[in-house]
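Colleague: Generate coordinates for the entire structure from the input sequences, incorporating the hints supplied.
These protein sequence lines map, in sequence, to chains A, B and C. FYI, in our numbering the residues of the first sequence are 1 to 356. FYI, in our numbering the residues of the second sequence are 357 to 712. FYI, in our numbering the residues of the third sequence are 713 to 1068.
Rather than coming from a laboratory, the hints here were simulated on the basis of the structure. Take the hints with a grain of salt, since some may be wrong.
Some chain B residues well away from chain A (every beta-carbon gap over 10 angstroms; in silico) [unchecked claim]:
#, residue
1, Ala442
2, Tyr660
3, Tyr690
Below are the SDA-like pairs computed for lysine to any residue, each with C-alpha atoms no more than 20 angstroms apart in a straight line [unchecked claim]:
#, chain 1, residue 1, chain 2, residue 2
4, A, Lys230, C, Ala1035
5, A, Lys204, B, Thr361
6, B, Lys654, C, Ser715
7, B, Lys560, C, Pro719
Note that the coordinates shown come from a computational prediction; the quantities given were computed from them, not determined experimentally. Built from N, CA and C at the ideal position, the CB exists for glycine as well.
What follows is the residue order along each chain.
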Amino acid sequence: MTSKTNPGNFFEDFFIGKNIIHATPRTITEGDVSLYTALYGMRFATNSSDMFAMGIGFDAAPVDDFLTFHMVFGKTVPDISLNAVANLGYANGIFGRPVYPGDTVSTRSEVIGLKENSNGETGVVYVRSTGTNQDGEMVLDYIRWVMVKKRDENSPAPESVVPDLPAAVSAEKLYLPDGFNGAGYDPDLSGSRHFWNDYQVGEKIDHIDAMTIEEAEHMIATRLYQNTAKVHFNQHTAKDSRFGRRLMYGGHIISLARGLSFNGLANAFKIVAINGGRHVAPTYGGDTVYAWSEVLEKIELPGYEDIGALRIRTLACKDQSCADFPDKDADGKYHPSVVLDFDYTILIPKTAVESI
Amino acid sequence: MTSKTNPGNFFEDFFIGKNIIHATPRTITEGDVSLYTALYGMRFATNSSDMFAMGIGFDAAPVDDFLTFHMVFGKTVPDISLNAVANLGYANGIFGRPVYPGDTVSTRSEVIGLKENSNGETGVVYVRSTGTNQDGEMVLDYIRWVMVKKRDENSPAPESVVPDLPAAVSAEKLYLPDGFNGAGYDPDLSGSRHFWNDYQVGEKIDHIDAMTIEEAEHMIATRLYQNTAKVHFNQHTAKDSRFGRRLMYGGHIISLARGLSFNGLANAFKIVAINGGRHVAPTYGGDTVYAWSEVLEKIELPGYEDIGALRIRTLACKDQSCADFPDKDADGKYHPSVVLDFDYTILIPKTAVESI
Amino acid sequence: MTSKTNPGNFFEDFFIGKNIIHATPRTITEGDVSLYTALYGMRFATNSSDMFAMGIGFDAAPVDDFLTFHMVFGKTVPDISLNAVANLGYANGIFGRPVYPGDTVSTRSEVIGLKENSNGETGVVYVRSTGTNQDGEMVLDYIRWVMVKKRDENSPAPESVVPDLPAAVSAEKLYLPDGFNGAGYDPDLSGSRHFWNDYQVGEKIDHIDAMTIEEAEHMIATRLYQNTAKVHFNQHTAKDSRFGRRLMYGGHIISLARGLSFNGLANAFKIVAINGGRHVAPTYGGDTVYAWSEVLEKIELPGYEDIGALRIRTLACKDQSCADFPDKDADGKYHPSVVLDFDYTILIPKTAVESI
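Modeller: Right, here's the structure in full:
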């Protein structure tokens, strides 16, 4: 009779090339989309209206790309980060085939890097995780690295392998939608007349709006994604922890920032890449989250006349207006309000439909 | 480089005849219906069961008419009431074609009235808003008026135009369902044996039950409707406001009162008109809402032998039982517990199915 | 003019053989499933993935059996337990035809036992409740007994009839799935390599994880099930009650315990019987719930080579780790942390797919 419960993997359990098939494939439904809208106030027309989405070339309203991200991420938690001390970063995230309600997403991961920390207590594990739909098509492929506890401090360190990670996903690696129909993109319905041509590199946008997050909300979200990390759910033990509170799933802030970014980036109709990201500080129930964005790069997409890409950096701050764009200082130290620094690439029509 | 965020419209931005196409068309889904049920405890058989609904002549279970209302209302907020000081009233609301899960609702508005206030700081804007489905059929058409800030106190006042609003939608303007089949209306399944014939004008009904509203609940609801009014979501700024709290979306109370009204009006299977309504006082998280109703009018529907209409006035009260029917006093001053006074018209079978 | 509201039934209103058709048939949808996942963190692959479910012989992902239970239970409340003092127990619960999104479930009950209490103020009512789908197929059939107030202490006691209840549903009465395909049961996707062959009678499993429950969460759940019992919703009156708090619907704990049980019973892919159950103590918003399980019985299923049944007893505890298996003492007195003691039967493959 062995223990029937999952102890999670420790640093020693990972080796380069290890493949993990994650449990609980997930059929993503209209119900998930409704909850997602209700938790973050999403208003992007492409994800909200089948008619709008079909008008620009989708089969129906695809689910928000970050909902796909959470669904894939959540599945990796029991195998990758149950014994994690910290979620350190993301890189090289590529969104593939759009996910539609009814699609079933399965997730697997491969260990691509390992580096023991000098304290001998923990190590950094790099994994490449891939979500695929029921037809085997990739829907999301990304790398993350986490600091994981060792089971035994005396176990020998593995050979260090640190993968070479790109600063950003390059344009030719982006998965672009087939048959985008710019003539169907109605700016009255999308909610903004600001398009690719109107944005400038270095431009900063305060998204103005803010949301206070309740404990019930972040727990409902995190369970929806079937993310089981204990720190999000148990106030009985959290009250005696360093923070005294349940820690919020960092991804909740990513989606909240995306929701807030509608006010300023309403035409960012599709996320195509996650270039990097850092959860700068923890968030808790009761925090109020604001966000601002900076345009890092304007990307031409060869073969696509009517859409371009923008590389965007969105920062989320807690209990602090973003009117002054709270950021890192010259020493790289973040303003104390910053909780998220996220770098991603979106698609946006080049100009208003009238002139296409 | 211009500001990319939406500042909303000020009083000066409205003119008689101005047409606004609102952003973010919305495909309403089964997921939205589940959340609606879960937020308000809806139990009307017509909206709960495809079988019941089809048995009385619908194509499937239509969504609750007030869910349609919120979806349409929410879309108007960024253009009409982002700079509103108060939501003053509703009139002439007509529910048209039933909305079924899968339908996509788009909303547009026309400015039909303007009146600057004597203080020169604000004005009243009257708009007629219309929601239509993917086939262009009207699903809701209603008038509301809001008090909106002026951008500049010195800008000249427009000519005052105050539309002539009916006290109630007249019977001949009601949109009645095709092919209602009274024989399919089973009172065991609907939950009540009280029908049109059993109600009397002037009758008052205490709906007995009550609900305490949590902050997470009203925010989840309001975001589901894609209503972006800042006052509902930001405790960080609300704590320093006059109220010190997030204000609840008034429509949340309308639906909660409708949910409570099941206990007394279970056979009110369809809402056909909003005659008027007033949010008498604000509500906040933690408030407990009760409701009572008064039958204002019994309406015969020519050509419909087995259904009639009731014009109902439902009042919602906070932290106060409605056993004594809290109301306005002789001077028109409301009992301090009253938060909503809502006047609408419902359809109800004339008598139990056995005797039809 | 009679009262239009439902006063509920009192003890005197029940008689042996009384049949009650409950109101509000319910079409169960993907939206309900999403909320259920989001409220309890369900991860069983069979309920999560259409592909997985179809691979083992279901038509699609069936809804969690306890979601079916809550939907059926909720409908009985207005007729059976609106005037109940206590929900005393469950017996002989058999899950029949799986429920799929889109199915409409109707509920009826028959009174099968009555026993007045010696105080003359209350009596125990035993009902057998049956949920059926749109094709008239039984989806759940179970007995519960509740203590109900008498309307009048002076009314005469009925003849006592106490039904003979089985300690557990016997194997031959279980409704087993047609065409189960063990070869499709992938343990990588189900999340565990522990199968029927690996469990032993008397084995105890601490499910480790825990969840803190917010007021918004249990109210959202209880309304989703259209359960109208007043004690769950009204803090305005609850603040003056014996507990000072809203009481949580006991079924919320059943589902939470089932969700937690994934960690140790991940391959329990179908619940087939509720043998008994007791809500040992009330729970409130803010409580943190843990769970542990004991294997009571291993059941061979004649004609089914690749699946067996386990009779499981799951206990939920509040604000107390289950590492030490809090239980009844020798006198039958429960550890003060125990809130639920639930006895049910699940199906589980006999061994990993590789060796079938």
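Colleague: Work down the list of hints and note, for each, if the structure agrees.
Modeller: We went through each hint and held it up to the structure:
Every beta carbon of chain A lies more than 10 angstroms from that of Ala442 of chain B, the smallest distance being close to 20 angstroms; the non-interface claim holds. With 10 angstroms as the threshold on Cβ separation, the claim that Tyr660 of chain B sits away from chain A holds: the shortest Cβ distance comes to roughly 33 angstroms. In this structure Tyr690 of chain B is separated from chain A by more than 10 angstroms, as the shortest Cβ-Cβ distance comes to about 30 angstroms. The hinted pair formed by Lys230 of chain A and Ala1035 of chain C meets the criterion: a straight-line CA distance of about 16 angstroms does not exceed 20 angstroms.
The hinted pair formed by Lys204 of chain A and Thr361 of chain B meets the criterion: a straight-line CA distance of about 11 angstroms does not exceed 20 angstroms. Restraint check for Lys654 of chain B and Ser715 of chain C: satisfied, since their Cα atoms lie roughly 18 angstroms apart, inside the 20 angstroms limit. The straight-line distance between the Cα atoms of Lys560 of chain B and Pro719 of chain C is roughly 16 angstroms, inside the 20 angstroms bound, and the hint therefore holds.
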